[in-house]
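> Chain by chain, the residues:
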Amino acid sequence: MAEIRCPMCSTLNQADAASCKLCGARLKPTGRLGTPSEEPGPEMRLPATGELPPWLARLRKDVTGRGQVPAEVPPEETPEPPSEESPDWLGGLRPADSEEEGPPEGEVPDWLAEAAPAAPATPAEPAEQGEGPVPDWLVRIRAKAQADTPAEEPADTPSAPAPTVEPTPPPTAAQPPASPPELAAEPTLGLPDWLLAARPDEAPRKAEAETPGEPSWLKEAGLDSSPELPHVQALIFEGDAPRTPVSDADVGPISVEVPDWMTELKAPPAPPPEGRPNLAPATLPAWLEAMRPVDTFRSVVEIEPEDDQTVEAAGPLAGLRGVLLAEPVMAMPRTPTAGGGRLEVTERQFAQAELLHRLVEEEQREAKPRPQARPRPPLLRWLVSVVLFVAAAVPTFAGGPAFPLPRLQPRELDVLASIVDGAPAGQPILLVFDYEAGYAGELEAVASPLIDHLLGRGLPLATLSTRPTGPPLAERLVAQVAARHGAVRNQDFVHLGYLSGGPTAVQLFAAAPTQAVFRGYLGPGGSPWLQPMLLNVHSLSDFGLVVVLTTGTEIARTWTEQTQPWLGGRPLVMVLSAGAEPLVRPYYEALQPKVQGILSGLPAAVSYELRLGQPGPAESRWNAFGLGLTAVEVFLIAGLLYGAAAWLLRGSRR
Amino acid sequence: MTNEALLELVGTAVAALLTIMVLSYALGDNAFFRLAAYLFIGVAAGYAGAVAWHDVLQPRLVAPLLSAGPAIIQDSSQLTQVVAPILLVILLLSKVSPTMGRLGGLPVALMVGVGAGVVVGGAITGTLLPQTVAAMDSLNPAVVAPQTGETGIERLVNVLIVLLGTLSTLSYFRLTGKRDQPDAARYGTRPLRTPVGVISIPWPILPFLGEMFIALTFGVMFAGALAAVILVLIERLQFLAGAANVILGGLLPAP
Numbered sequence: 001m002a003e004i005r006c007p008m009c010s011t012l013n014q015a016d017a018a019s020c021k022l023c024g025a026r027l028k029p030t031g032r033l034g035t036p037s038e039e040p041g042p043e044m045r046l047p048a049t050g051e052l053p054p055w056l057a058r059l060r061k062d063v064t065g066r067g068q069v070p071a072e073v074p075p076e077e078t079p080e081p082p083s084e085e086s087p088d089w090l091g092g093l094r095p096a097d098s099e100e101e102g103p104p105e106g107e108v109p110d111w112l113a114e115a116a117p118a119a120p121a122t123p124a125e126p127a128e129q130g131e132g133p134v135p136d137w138l139v140r141i142r143a144k145a146q147a148d149t150p151a152e153e154p155a156d157t158p159s160a161p162a163p164t165v166e167p168t169p170p171p172t173a174a175q176p177p178a179s180p181p182e183l184a185a186e187p188t189l190g191l192p193d194w195l196l197a198a199r200p201d202e203a204p205r206k207a208e209a210e211t212p213g214e215p216s217w218l219k220e221a222g223l224d225s226s227p228e229l230p231h232v233q234a235l236i237f238e239g240d241a242p243r244t245p246v247s248d249a250d251v252g253p254i255s256v257e258v259p260d261w262m263t264e265l266k267a268p269p270a271p272p273p274e275g276r277p278n279l280a281p282a283t284l285p286a287w288l289e290a291m292r293p294v295d296t297f298r299s300v301v302e303i304e305p306e307d308d309q310t311v312e313a314a315g316p317l318a319g320l321r322g323v324l325l326a327e328p329v330m331a332m333p334r335t336p337t338a339g340g341g342r343l344e345v346t347e348r349q350f351a352q353a354e355l356l357h358r359l360v361e362e363e364q365r366e367a368k369p370r371p372q373a374r375p376r377p378p379l380l381r382w383l384v385s386v387v388l389f390v391a392a393a394v395p396t397f398a399g400g401p402a403f404p405l406p407r408l409q410p411r412e413l414d415v416l417a418s419i420v421d422g423a424p425a426g427q428p429i430l431l432v433f434d435y436e437a438g439y440a441g442e443l444e445a446v447a448s449p450l451i452d453h454l455l456g457r458g459l460p461l462a463t464l465s466t467r468p469t470g471p472p473l474a475e476r477l478v479a480q481v482a483a484r485h486g487a488v489r490n491q492d493f494v495h496l497g498y499l500s501g502g503p504t505a506v507q508l509f510a511a512a513p514t515q516a517v518f519r520g521y522l523g524p525g526g527s528p529w530l531q532p533m534l535l536n537v538h539s540l541s542d543f544g545l546v547v548v549l550t551t552g553t554e555i556a557r558t559w560t561e562q563t564q565p566w567l568g569g570r571p572l573v574m575v576l577s578a579g580a581e582p583l584v585r586p587y588y589e590a591l592q593p594k595v596q597g598i599l600s601g602l603p604a605a606v607s608y609e610l611r612l613g614q615p616g617p618a619e620s621r622w623n624a625f626g627l628g629l630t631a632v633e634v635f636l637i638a639g640l641l642y643g644a645a646a647w648l649l650r651g652s653r654r
Numbered sequence: 655m656t657n658e659a660l661l662e663l664v665g666t667a668v669a670a671l672l673t674i675m676v677l678s679y680a681l682g683d684n685a686f687f688r689l690a691a692y693l694f695i696g697v698a699a700g701y702a703g704a705v706a707w708h709d710v711l712q713p714r715l716v717a718p719l720l721s722a723g724p725a726i727i728q729d730s731s732q733l734t735q736v737v738a739p740i741l742l743v744i745l746l747l748s749k750v751s752p753t754m755g756r757l758g759g760l761p762v763a764l765m766v767g768v769g770a771g772v773v774v775g776g777a778i779t780g781t782l783l784p785q786t787v788a789a790m791d792s793l794n795p796a797v798v799a800p801q802t803g804e805t806g807i808e809r810l811v812n813v814l815i816v817l818l819g820t821l822s823t824l825s826y827f828r829l830t831g832k833r834d835q836p837d838a839a840r841y842g843t844r845p846l847r848t849p850v851g852v853i854s855i856p857w858p859i860l861p862f863l864g865e866m867f868i869a870l871t872f873g874v875m876f877a878g879a880l881a882a883v884i885l886v887l888i889e890r891l892q893f894l895a896g897a898a899n900v901i902l903g904g905l906l907p908a909p
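Same order as they appear, the protein sequences are chains A and B.
Going by our numbering, the first sequence runs without a break in its numbering and finishes at 654.
Going by our numbering, the second sequence runs without a break in its numbering and finishes at 909.
There could be a bad hint or two in this list.
[What the hints assert, rightly or not] Derived Cβ-Cβ restraints for the label pairs, each shown as a range: (1) B:Gly682 - A:Gln491: 28 to 34 Å; (2) B:Ala838 - A:Val390: 48 to 54 Å; (3) A:Ser527 - B:Pro752: 53 to 59 Å; (4) B:Leu661 - A:Leu379: 55 to 61 Å.
[Said to hold, decoys possible] What the simulated footprint calls covered on chain B by chain A, stretch by stretch (three residues with Cβ under 8 Å from a Cβ of chain A suffice, anywhere in the stretch; the number is not a length): (5) 698-707; (6) 710-719; (7) 765-772; (8) 784-790; (9) 799-805; (10) 854-862; (11) 874-883.
These aren't lab readings, by the way, just hints derived from the structure by calculation.
Computed from a predicted structure; not experimentally measured.
Just so it is clear, CB atoms sit at the ideal spot from N, CA and C, and this is done for glycine as well.
Between the sequences and the hints, there should be enough to build the whole structure, so can you do that?
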């Protein structure tokens with residue numbers, strides 16, 4: 001009949017047995033054992049009883065009372081020579097020292113004797129003795145551990161004495177890997193010796209220090225726990241995961257399934273001693289917590305429910321559930337614990353981060369609508385308006401005060417008058433009305449004496465505009481002046497109407513006027529070129545004089561540039577708004593002038609009317625114009641004085 | 655009162671009312687000013703459209719097309735003066751369609767290209783070269799200005815002022831800066847000994863003089879614009895006075 005070997009005590013049991021008849025350990029794994037590749041190979045199985053180390057066999061005999069375990073093995077589990085067939089990694093381990101060979105024959109550790117009273121072992125010394133006599137083999141182990149520990153002890157735990165944990169006897173090639181019972185329940189998981197040696201102040205051992213059956217070295221280690229150690233959160237904690245009770249076997253943070261016989265060894269939980277911190281389960285000592293990377297380490301070892309825990313399939317822990325795998329601990333990438341655990345932030349970076357945080361907060365903050373300030377009445381605006389209205393209205397409605405008319409005529413007025421006087425009789429005069437209706441009040445007053453002069457000479461007039469509103473403005477002014485001379489529309493003056501196309505149309509009109517204008521304004525119908533006064537006009541040079549009335553420098557420049565090649569020596573006269581005169585005057589004052597005559601501003605118009613001896617709209621507005629300019633000058637002077645005073649005050653304050 | 659007189663009276667009253675509504679802006683932005691402004695904008699746009707149809711589209715495109723009929727295709731002169739413009743108009747109207755809008759690029763390109771050529775050509779031959787020559791005027795005192803009649807010292811001083819103003823203004827428009835001092839002040843100061851003592855003058859002096867010339871030019875233009883609007887205000891007030899006489903004279907019975 002087939003038998004299986006207990007993974008814990010190597011006792012042969014029936015193949016269908018669920019638990020070991022000796023130690024009660026579960027023989028059949030509850031989880032999957034996986035694929036055949038996961039089946040433990042012969043090199044990973046426990047050696048036969050006969051191959052156990054002598055000290056372990058002696059211990060087994062003392063505990064169980066059975067001197068020899070039958071060395072029967074299943075046919076398929078024929079043992080192989082251990083020395084030659086052991087894996088390579090076992091060969092790299094160091095041989096066991098003499099101190100690691102276990103207690104001498106006949107000696108059983110106190111805790112083991114206490115936990116197994118039925119066994120015919122040597123009576124152990126009572127645990128209450130605490131510092132009682134220590135076996136020699138254990139003294140040698142402590143001495144070696146104390147000699148090795150100080151050099152590897154962390155520097156931040158000076159108060160903690162050197163641990164007295166018995167080092168784990170490493171397996172050797174000649175000696176199969178088998179551990180004492182207490183070490184089998186306390187897997188090292190490949191942790192370094194110094195870390196294992198630094199574990200004596202763990203909470204379970206402190207509680208165990210009060211138990212009557214604890215070993216003397218454990219009691220000594222428990223006294224080393226500093227009562228001032230703070231409580232820290234567990235490194236591994238999951239609310240849903242079942243908490244592994246703290247056992248006396250001191251499995252630490254590692255959750256394993258402890259065999260039943262091991263759980264029976266647990267001493268009843270003793271109440272926490274007075275004056276000592278009641279460390280909660282699943283807490284870490286401060287020295288170990290200090291070694292943990294802050295905020296960067298995320299444990300890859302998670303406690304899984306019992307049903308989800310993997311059953312170890314090979315090695316001395318084969319068949320156990322919940323064995324901590326070596327791969328997450330050794331192979332998974334982690335944040336380096338030295339130096340890289342904390343983010344190095346300089347003061348400048350911190351300040352910039354604070355600034356960015358503040359900016360984001362301000363952006364997210366909803367802007368509160370500011371209460372609208374009560375609108376202040378524009379007193380200054382009203383004052384200026386009232387003054388200007390009064391200055392312009394008083395002479396108009398009241399007739400005074402009277403400002404003296406200009407006695408000196410502008411120099412360009414003589415030139416203009418001579419041009420008009422020199423215009424050939426019978427040839428029509430082209431008047432271009434290129435201004436908006438808003439400036440009619442100014443340009444009508446300025447151009448009125450010129451038109452009056454032209455009509456007084458009996459020259460026929462032809463009006464044109466590149467703006468849609470130009471023809472009505474031309475009709476309004478020319479008809480007003482013509483009424484004084486008895487001139488008749490379509491006989492003495494003709495409206496050519498609207499010329500569309502901007503500068504291109506101006507050039508086209510200069511080159512071929514009859515092809516640029518098809519329909520006149522307020523004409524008898526048909527083409528305006530059929531009028532008798534325009535029958536001889538075929539080009540721009542057929543006009544006796546070209547007069548442009550405009551308020552913009554761009555329009556004046558367009559007519560000056562585009563008509564020069566086709567003027568044929570005919571003079572070009574500009575009637576300008578006062579604001580446009582400075583930019584047009586260079587065309588006039590050049591040695592080779594592009595503009596032969598210029599008329600701008602009310603003073604020049606008044607002088608023209610005085611020259612003609614016919615008072616017109618310019619002279620009627622002279623007094624109001626003078627008073628209005630006086631008011632404007634007063635405001636300018638007041639503003640200049642205010643600015644100077646403010647500047648001086650600022651200078652004195654500085 | 656005849657219909658024409660009544661129509662003129664109503665027109666004068668409406669014009670006076672609109673004038674007052676516009677002048678009410680002196681008190682601040684109000685509904686009357688906005689109503690008058692919107693009315694002027696609408697009337698101006700409508701009037702411009704009517705003029706474009708009456709003076710351009712109807713006599714140049716529609717009338718020839720209707721008078722000639724289908725035979726217009728056989729007339730070569732009408733093809734270039736009527737048919738081609740109509741096609742360009744149709745292409746330009748395709749701009750309103752999102753799918754056929756690219757066809758409108760041809761007339762737009764034609765207008766922009768022709769307009770730019772006309773303006774640039776005229777500016778070079780009519781303004782740039784003549785004004786450059788005018789800036790290099792003769793310093794001979796015997797020369798007489800053809801338009802102003804200046805001669806002798808008066809003209810010489812005038813020519814020198816024009817020359818200084820031209821050079822200093824050109825030097826002002828330098829678009830360069832020091833590499834290591836991009837925000838440095840435009841002018842520094844330099845002490846200058848004078849009979850009355852040492853004074854600090856801006857340095858470099860030539861761009862500073864150019865800035866002064868530009869400021870004087872803008873000041874003169876502002877003064878001219880101010881005089882123009884004063885004159886317009888006076889004309890409007892005179893109109894209101896005349897309108898008041900007309901309205902009151904028309905409404906009140908004659909004595």
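> Are the hints correct? Go through all of them and say.
Hints versus structure:
In this structure the supplied range 28 to 34 Å is violated for Gly682 of chain B paired with Gln491 of chain A, their Cβ-Cβ distance being about 50 Å. Between Ala838 of chain B and Val390 of chain A the C-beta distance comes to about 50 Å, which sits within the given range of 48 to 54 Å. The given range of 53 to 59 Å is broken by Ser527 of chain A and Pro752 of chain B, whose C-beta atoms sit roughly 41 Å from each other. Distance hint for Leu661 of chain B and Leu379 of chain A: a CB-CB separation of about 43 Å, inconsistent with the stated range 55 to 61 Å.
Coverage of the stretch 698-707 of chain B by chain A holds. Counting CB-CB distances below 8 Å, 5 residues qualify, and the rule asks for three or more. Interface restraint, the stretch 710-719 of chain B with chain A: holds (3 residues with C-beta to C-beta distance below 8 Å; minimum three). Residues of the stretch 765-772 of chain B lying with their CB closer than 8 Å to a CB of chain A number 3, which satisfies the three-residue condition for coverage. Chain A is given as covering the stretch 784-790 of chain B, and this holds because 4 residues of the stretch bring a CB closer than 8 Å to a CB of that chain, at least three being needed.
Against chain A, the stretch 799-805 of chain B contributes 5 residues with a C-beta closer than 8 Å to a partner C-beta. That satisfies the three-residue criterion, and the hint holds. Under the rule that three or more residues need a Cβ within less than 8 Å of chain A, the assignment of the stretch 854-862 of chain B is violated, with 0 such residues. Given a C-beta distance limit of less than 8 Å, the hint that chain A covers the stretch 874-883 of chain B holds, as 9 residues qualify and 3 suffice.
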